[in-house]
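One letter stands for each residue in the lines below.
Number of protein chains: 2
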Amino acid sequence: MYNCFSNNNIINNISIEDRGLQYGDGLFETIAIRKGKLRLWEYHLSRLKKGCKILSLKIPSDDFLKKSIINTYHDSELNHSPAIAKIIITAGKGKRGYGRKKNTISSELFSIFPATQVDPINYKNGVELTLCKTRLAVNSITAGLKTLNRLEQVLAKIELEGTHFFEGLTMDPENNIICGTMSNIFFIKENKIYTPCLKKCGVRGVMRRHLLFCLNKLDFLVRIQPIKAGDMQYFDEAFIVNSQFGLLPVKKCDDIKWSTFKRTRKIMSLMASNNIIECSI
Amino acid sequence: MYNCFSNNNIINNISIEDRGLQYGDGLFETIAIRKGKLRLWEYHLSRLKKGCKILSLKIPSDDFLKKSIINTYHDSELNHSPAIAKIIITAGKGKRGYGRKKNTISSELFSIFPATQVDPINYKNGVELTLCKTRLAVNSITAGLKTLNRLEQVLAKIELEGTHFFEGLTMDPENNIICGTMSNIFFIKENKIYTPCLKKCGVRGVMRRHLLFCLNKLDFLVRIQPIKAGDMQYFDEAFIVNSQFGLLPVKKCDDIKWSTFKRTRKIMSLMASNNIIECSI
Chain A
0 MYNCFSNNNI INNISIEDRG LQYGDGLFET IAIRKGKLRL WEYHLSRLKK
50 GCKILSLKIP SDDFLKKSII NTYHDSELNH SPAIAKIIIT AGKGKRGYGR
100 KKNTISSELF SIFPATQVDP INYKNGVELT LCKTRLAVNS ITAGLKTLNR
150 LEQVLAKIEL EGTHFFEGLT MDPENNIICG TMSNIFFIKE NKIYTPCLKK
200 CGVRGVMRRH LLFCLNKLDF LVRIQPIKAG DMQYFDEAFI VNSQFGLLPV
250 KKCDDIKWST FKRTRKIMSL MASNNIIECS I
Chain B
0 MYNCFSNNNI INNISIEDRG LQYGDGLFET IAIRKGKLRL WEYHLSRLKK
50 GCKILSLKIP SDDFLKKSII NTYHDSELNH SPAIAKIIIT AGKGKRGYGR
100 KKNTISSELF SIFPATQVDP INYKNGVELT LCKTRLAVNS ITAGLKTLNR
150 LEQVLAKIEL EGTHFFEGLT MDPENNIICG TMSNIFFIKE NKIYTPCLKK
200 CGVRGVMRRH LLFCLNKLDF LVRIQPIKAG DMQYFDEAFI VNSQFGLLPV
250 KKCDDIKWST FKRTRKIMSL MASNNIIECS I
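Each protein sequence line maps, in turn, to chains A and B.
Residue numbering for the first sequence follows numbering that gives the first Met the number 0, starting at 0 and increasing by one per position.
Residue numbering for the second sequence follows numbering that gives the first Met the number 0, starting at 0 and increasing by one per position.
No wet-lab data here; the hints were simulated from the structure.
Careful: at least some of the hints might be erroneous.
A pair holds if it fits inside one copy or across any two, identical chains being indistinguishable in the list.
[What the hints assert, rightly or not] Listed below are the simulated EDC-like cross-link pairs for lysine to aspartate or glutamate, each with C-alpha atoms no more than 20 Å apart in a straight line:
1) Lys198 - Asp171
2) Lys101 - Asp235
3) Lys199 - Asp171
4) Lys92 - Glu16
5) Lys256 - Asp61
Just chain A, same shape as in the assembly (with noise of 0.2 Å):
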């Protein structure tokens, strides 16, 4: 970690007391910065604010988180590289107990990241994925939020410690597919994009939000529905979208493979020519 910032003071520890330790009373977002811009920072600005209504949280004004971020990237050693930027929002300190008052004023933590490195290899020949034995828990209130209470993934993740997988698919205790550990997926069948339902639990990437848009507006048929693990060997291609490697191809799940990216290589390059949305720093 390069640099992390809280009241305009760099800050290497919190205290134990901080509810976030305590029971994982907040959230994060994880932004992209390239080229000296925070990509797609207006879907994590609306998924935080809505984490936060959910939590009951009151967070500083937008201006100032933005400020934060770019002031932390700033004095950091990775200024002018592309970096990661990290919030953390949390309920701050607290007594003993899970209680405390509704609309609690947020503590926030910004810090910076190297950028990750993605082998280009992958997004020409397209990466791994395994089905994880780790089961997400369904009708979460916290469903599509990225909450700081990360075991699922956590656990899915410790799966793939030693493989060669690129990411571990997760599903509901239904067989339901519902997303990567740290991606959002698509799949094709003939003009058809589906990608699961995330009503009841996963999380609804920023990334996935913008390649949404993208189809929707040049009239590619999106289906939003359930998929069962099942089914996944009828589709003709499979990808995976994060806010980092943005979209990267799926060549194979466990025995399953798809061999070719003919229309997943379209939409790439649909969303390489389509202005993502960016925010100047």
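For this one, chain A is given, so just place chain B on it according to the hints.
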């Protein structure tokens, strides 16, 4: 909070990079210290170790954990007073990203708090509960455990803010009562005692375990089964238990009233006469 120890040092802060903060990657226990003894220590330890197995965390020896609590207590201002010892176990400092090694060596935090004060009238007249709107997600891999992912309990407890309710009951999405935000619930009907099944969500409290053991030993008929919120009205008596306050009769849950605590009192005296598993310190 009085005193917090980690690695034999008094500390007030932890690293921002600790996975406990970043992802709620850890567990905790709150142990009652009464008359110089750790109440139900073996049950706390057993749940903690089960949790560490599921979270793939390697913790220090039982002896080290116990000694650390004892030292933290003895060094605190609360020495010789009733107190609460809180152990937080996390996966320690990590890089960005959900992944980590299997069997990660844990970090431990030991802290001491004053014992919770419960108005003695509550033991006599019973407490008042309410059904929370916040539902518990089902089929969680961490059902039964006390992980650092506690947003559901936080949100349920926030609902009680500014009300006179002593505790909130949480349900799963199918209207099954699961447990309180900080307690387990029992109901009595004729000669049977009922308590919700906790296979899919909820916390398996140590006092619940202790009570089930006592009841079993004395040939009470116990039914661990799904209990619908709508069925509460058919029970004769209700009570809640947790590791700090022990057992409290329930006089009301929203519109449902229970006016007799006859058998609940019998169970209270049974528990008082039955040696609670303690650990001398």
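Hint compliance check: list the failing hint numbers for this structure, sorted ascending. Structure breaks hints 2, 5.
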